[in-house]
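Peer 1: Each chain, letter by letter, is given below.
Protein chains: 2
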Amino acid sequence: MKFSPLVDALIQSLQCLPGVGPRSAQRMAFQLLERDRSGGAKLGSALQSAMSDVGHCGSCRTYTEETQCRICANPKRAQSGQLCVVESPADLLAIESAGQFDGRYFVLMGHLSPLDGIGPDEIGLDRLDQMLADGSWQEVILATNPTVEGEATAQYIADMARQHQVAISRIAHGVPVGGELEYVDGTTLALSFSGRQKL
Amino acid sequence: MKFSPLVDALIQSLQCLPGVGPRSAQRMAFQLLERDRSGGAKLGSALQSAMSDVGHCGSCRTYTEETQCRICANPKRAQSGQLCVVESPADLLAIESAGQFDGRYFVLMGHLSPLDGIGPDEIGLDRLDQMLADGSWQEVILATNPTVEGEATAQYIADMARQHQVAISRIAHGVPVGGELEYVDGTTLALSFSGRQKL
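Protein sequences appear in the order of chains C and F. Per numbering that gives the first Met the number 0: the first sequence = residues 0 to 198. Per numbering that gives the first Met the number 0: the second sequence = residues 0 to 198.
Because the hints were derived from the structure by calculation, they are not lab data. Each hint can be trusted.
Intra- or inter-copy, both count: the list cannot distinguish identical chains.
Okay, derived cross-link-like pairs now, SDA-like style, lysine to any residue, Cα gap no bigger than 25 Å in a straight line:
#1 K75 with D133
#2 K75 with F100
#3 K1 with G98
#4 K1 with E65
#5 K197 with G177
#6 K41 with Q30
#7 K1 with G20
#8 K1 with N73
#9 K41 with C15
#10 K75 with E138
#11 K1 with R76
#12 K1 with A40
#13 K1 with G102
#14 K1 with D52
#15 K41 with G18
#16 K1 with E64
#17 K75 with I170
#18 K41 with A24
#19 K41 with F29
#20 K1 with G57
#21 K1 with S96
Go ahead and model the full structure; you've got the sequences and the hints to work with.
Peer 2: Below you can see the structure in the form of structure tokens.
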């Protein structure tokens, strides 16, 4: 026991946060105790209700405490017949922030990784298969990350979707806007050439 | 609203932690939701009980949920008649970890800083004055930080303690063990010369 039991328990529990070790946890605990008790108490209750009540959306698998998330519950989002497949809720948010896409999402909550025991069922591909089978989708847009696992997952989903008469597309990879050609890696440049579009 | 209300509230509340911005808060929230719900719930209850129950020790002012902290409550720690004055509970812990000192502490919870409105009463010097007046102390060891504010605070406390017939000492400043002379700054080297001891 370093301080009092409650303070020790707080410092210990704060270390469950990613990137927080004993020193940062101690600094966080003292900062909250000294300067922001109401913020700390609010964080405590937010944590407890989120941990117990937040589950997954019944349609797209993103995090929500309702049975359906607000995007899936919005009938306008189904009109385009487009379904965008992403790896995580953070990816979904990034695409929503861009404001370009108005269809619905399917969140894998990971990617295929057979060595870690993560197969098609673990990332919800059985449910995606059922969704595509109901015939209400025109296009599946694969927006998994451009990593080895992300590409393999996209490929697997493309093979699966081909059985359901839907268009299948992959988001474009190339030089990011604002980036300088000089500093872009070779693979990205090669993709930007192979994916060039007629003007 | 970016995600669902509970998830948004969690991401928002996490930003009261020092050094945590919107991105880190999002990463922490998803990490807890995905991989460590029990840890998150435990952190929630630890936060709530610490924020509501932890106060200050009636003698030394460090954090504790009891009326006295375990050091002040231990009669053996009063035997030496030594009182070590530190700026923060983290400093107290550092000295305790060194295992050298077996007296009691007085934690200022800050340092004198007139421009920020922090005067003697804000750092509990009125109570320290009362403690020293009861005549049970032989020595006051000033272990404030070697910064401008820390030195000024030490000087102020030394002046105050002189009225109470106690020995007053300041911890030694000099080259840290394991440090290389080559890389030690000039002020520290000067202090290590002026504070040299006979062998």
